[in-house]
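Using the sequences and the hints given, assemble the complete structure.
Chains A and B supply the protein sequences, listed in that same order.
Residue numbers for the first sequence follow the working numbering, so the first one is 503 and each next one is one higher.
Residue numbers for the second sequence follow the working numbering, so the first one is 138 and each next one is one higher.
Hints were generated in silico from the structure; no laboratory data involved.
Be careful, since some hints might not be right.
[As the list claims (entries may be wrong)] With a straight-line Cα cutoff of 25 angstroms, these simulated DMTMM-like cross-link-like pairs (lysine to aspartate or glutamate) come out:
| id | chain 1 | residue 1 | chain 2 | residue 2 |
| --- | --- | --- | --- | --- |
| 1 | A | Lys677 | B | Asp337 |
| 2 | B | Lys258 | A | Glu649 |
| 3 | B | Lys258 | A | Glu627 |
| 4 | A | Lys602 | A | Glu548 |
| 5 | B | Lys258 | A | Asp673 |
| 6 | B | Lys258 | B | Asp305 |
| 7 | A | Lys595 | A | Asp549 |
| 8 | A | Lys675 | B | Glu268 |
| 9 | B | Lys258 | A | Asp650 |
| 10 | A | Lys677 | B | Asp305 |
| 11 | A | Lys677 | B | Glu268 |
| 12 | A | Lys517 | A | Asp549 |
| 13 | B | Lys258 | A | Asp622 |
| 14 | B | Lys258 | A | Glu630 |
| 15 | A | Lys658 | A | Asp637 |
| 16 | A | Lys595 | A | Asp562 |
| 17 | A | Lys602 | A | Glu540 |
| 18 | A | Lys677 | B | Asp272 |
| 19 | A | Lys602 | A | Asp549 |
| 20 | A | Lys595 | A | Glu540 |
| 21 | A | Lys555 | A | Glu526 |
| 22 | A | Lys675 | B | Asp337 |
| 23 | A | Lys602 | A | Glu524 |
| 24 | A | Lys677 | A | Glu630 |
| 25 | A | Lys602 | A | Glu566 |
| 26 | B | Lys328 | B | Glu316 |
| 27 | B | Lys197 | B | Glu323 |
| 28 | A | Lys658 | A | Glu630 |
| 29 | A | Lys517 | A | Glu566 |
| 30 | A | Lys675 | A | Glu652 |
| 31 | A | Lys517 | A | Glu540 |
| 32 | A | Lys658 | A | Glu585 |
| 33 | B | Lys258 | A | Asp659 |
| 34 | A | Lys580 | A | Glu627 |
| 35 | A | Lys580 | A | Glu607 |
| 36 | B | Lys258 | A | Glu652 |
[Unchecked claim] Which stretches of chain A does chain B cover? Using the computed rule of at least three CB atoms under 8 angstroms from a CB of chain B, they are:
| id | segment |
| --- | --- |
| 37 | 642 to 652 |
| 38 | 656 to 666 |
| 39 | 671 to 678 |
Note that CB positions come from ideal geometry on N, CA and C, so glycine has one too.
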Amino acid sequence: MEARQETVEIPEALKVVFARLEEEFGGRLLGSSFFRGELTFTVPVEDYIAVLKYCRDTPDLAFERLDSLLGNHYPGRKEAPMEVVVHLTSVSKNTRLRLKVMLAEGQSLPTATGVWPSADWDERETWEMYGIQFDGHPNLIRLLTTEDFEGFPLRKDFPLQGTVGGRIRTDLKGKI
Amino acid sequence: MGMTKPVGLGADTSGNAATGKLEISHATLASLKNASDAQVREALDEEHIPGVALPANLEKLLGFGRSFSWWPLLFGLACCAIEMMATAGPRYDLSRFGMEAMRASPRQADGMIVAGWCTTKMAPRVVRLYEQIPDPKWVVAMGSCAISGNIWNTYSVVQGIDALIPVDVYVPGCPPRPEALWEGLEMLRDKVKQSRHAYDGLRTIPARAAIGE
Chain A
503 MEARQETVEI PEALKVVFAR LEEEFGGRLL GSSFFRGELT FTVPVEDYIA VLKYCRDTPD
563 LAFERLDSLL GNHYPGRKEA PMEVVVHLTS VSKNTRLRLK VMLAEGQSLP TATGVWPSAD
623 WDERETWEMY GIQFDGHPNL IRLLTTEDFE GFPLRKDFPL QGTVGGRIRT DLKGKI
Chain B
138 MGMTKPVGLG ADTSGNAATG KLEISHATLA SLKNASDAQV REALDEEHIP GVALPANLEK
198 LLGFGRSFSW WPLLFGLACC AIEMMATAGP RYDLSRFGME AMRASPRQAD GMIVAGWCTT
258 KMAPRVVRLY EQIPDPKWVV AMGSCAISGN IWNTYSVVQG IDALIPVDVY VPGCPPRPEA
318 LWEGLEMLRD KVKQSRHAYD GLRTIPARAA IGE
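Following this line, the structure appears as C-alpha cells:
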C-alpha cells in the first residue's frame with residue numbers, strides 16, 4: 503500500500519501558530535499533527551485552560567472564536583478512553599486549530615466558559631453524551647435529552663435502543 | 138361526491154311529489170343513515186321522492202365543506218417538513234384544495250401533519266398540540282420516521298407517531314415527495330368528506346392508555 507502523500511502546503515499563518523505554541527508550551531504538549539491542512543495539538547489537562555487563553559490572547563494567534571467543543575470515546579484506549587476536542591477559529595488570521603485533551607475514565611476537565619462563554623452549551627452536551635465532568639461549569643444540566651434520562655448515550659457501551667426502549671415509552675409516564 | 142344532487146321539485150309529478158309534500162318513512166330514514174349516495178338515490182326513487190336534503194346527509198354536507206378548507210397545523214419536526222413546505226408552495230400549491238392556510242395555533246387548525254421523526258423529548262409537546270386542536274381533527278403521519286421511526290431505532294426516537302396519537306393517513310417515503318403527500322391529503326379529504334376519524338369516541342390517547350394512566 504502506497505504511503506499517504508501530504509500534498510497540502512502548510513499555510514504561513516498555521517506555521518506561525520505551530521511555532522508560537524511550541525515555543526510557549528514546548529515539551530509539555532503531548533503531540534501535534536498536520537493532516538489535510540488541519541493542525542492538531544494534544545494538550546495535557548493541566549495546561550488546557552492556559553493553552554486556550556494563550557490562543558485567544560496572543561496577537562499572533564488571535565483565535566477569537568470557539569467553533570465547537572465535543573467529546574469522544576475510545577474504549578480501546580484503556581489509559582484515557584475519554585477525549586475532549588476543541589476547535590478554534592481565528593477570523594482575523596483565517597486560521598483554524600484543533601486541540602485534544604485525553605482524559606481517564608471519570609477524570610474531569612476545567613470549564614472553558616471563562617474563556618469563551620459559548621462553551622456553555624457545548625460542555626453541557628459533552629457532559630450529557632459522554633459523562634465528562636466540567637469543573638466550574640455554571641449550569642451543567644441535560645440539554646438535549648429528557649431531564650430524567652439515565653446514561654450517556656454516545657458512549658460506545660451504551661445500548662443503541664437505550665435502557666428504556668420499546669414502542670411504548672414507559673419513560674413518558676407522567677409527561678403526556 | 139359528498140351529497141345527493143337535489144332535483145327540481147316540479148320535475149317529477151309521480152307519487153308523493155304530486156301532492157307537493159315531502160314525506161319519507163322513518164324506516165327509510167333509519168336505513169339511510171350510513172348509506173352511500175347511490176343507495177340514497179335508489180331509496181328516494183322507491184318512495185317516489187324527487188330528491189331532498191336529508192338530515193342523514195347533514196354530516197356529509199359538513200364533511201363536504203370541511204374537505205375544501207382543511208387547515209393543517211403549522212408544525213414540522215424534521216426534513217419531511219421541507220417537503221411539506223414544497224407542497225404548500227407555488228409549484229404543488231395546496232391552496233388549490235383550500236389547505237394552504239397553515240395555522241400557527243392548534244386552536245384554529247383542523248388537524249396536523251406530523252412531518253418527521255419525533256423524539257421522546259418532543260413527544261409530550263406533540264400530544265399536547267394534538268389535544269389542543271378542536272374536534273373534528275385528522276392526523277397525517279408523514280414519512281417513514283413518523284410512521285415507524287425508520288432507521289432510528291434508538292434511545293431517543295419514538296417508534297411511530299401512532300404510539301402517541303391516533304393517525305388517519307400514513308404517507309410513506311423518506312421523505313415523501315410532494316406528490317406523495319398530496320396523494321395522502323387526497324385520501325385524507327375522502328375521510329373528511331365521510332366524517333371518519335381515527336380517534337375513538339372517548340378521544341383516547343394511545344400512549345396514555347398504553348402506559349396505563
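Please work out if lysine 328 of chain B and glutamate 316 of chain B have their alpha carbons no farther apart than 25 angstroms.
holds (19 angstroms)
Count the residues of the segment 671 to 678 of chain A with a beta-carbon closer than 8 angstroms to any beta-carbon of chain B: does the count reach three?
With 8 residues closer than 8 angstroms to chain B, the segment 671 to 678 of chain A meets the three-residue bar; holds.
Proximity test - 8 angstroms, beta-carbon atoms, the segment 656 to 666 of chain A to chain B, at least three hits
holds (count 7)
Hey, lysine 595 of chain A versus aspartate 549 of chain A, does the alpha-carbon distance stay inside 25 angstroms?
Measuring from Cα to Cα gives roughly 24 angstroms; hence the hint holds.
According to a criterion of three or more residues whose C-beta lies within less than 8 angstroms of a C-beta of chain B, is the segment 642 to 652 of chain A covered?
Holds, because 3 residues of the segment 642 to 652 of chain A bring their Cβ atoms closer than 8 angstroms to Cβ atoms of chain B.
Does the structure keep lysine 602 of chain A and glutamate 524 of chain A at a Cα separation of 25 angstroms or less?
Satisfied, since the Cα-Cα distance of roughly 15 angstroms is no more than 25 angstroms.
Under the criterion that the straight-line Cα-Cα distance not exceed 25 angstroms, is the pair lysine 555 of chain A, glutamate 526 of chain A satisfied?
This hinted pair holds, its Cα atoms lying about 12 angstroms apart.
Regarding the pair lysine 658 of chain A and glutamate 630 of chain A, is the alpha-carbon distance no greater than 25 angstroms?
Given pair lysine 658 of chain A, glutamate 630 of chain A holds - Cα atoms ~14 angstroms apart, limit 25 angstroms.
Are the Cα positions of lysine 258 of chain B and aspartate 622 of chain A separated by 25 angstroms at most?
holds (21 angstroms)
Taken at face value, is the distance from the CA of glutamate 540 of chain A to the CA of lysine 602 of chain A at most 25 angstroms?
Answer holds: lysine 602 of chain A to glutamate 540 of chain A is near 13 angstroms, not above 25 angstroms.
So if I understand the rule, the pair passes when the alpha-carbon distance is 25 angstroms or less; does lysine 197 of chain B with glutamate 323 of chain B pass?
holds (16 angstroms)
If you draw a straight line from the CA of lysine 677 of chain A to the CA of aspartate 337 of chain B, is it 25 angstroms or shorter?
Holds, at roughly 22 angstroms.
Of the numbered hints listed earlier, not one is contradicted by the structure.
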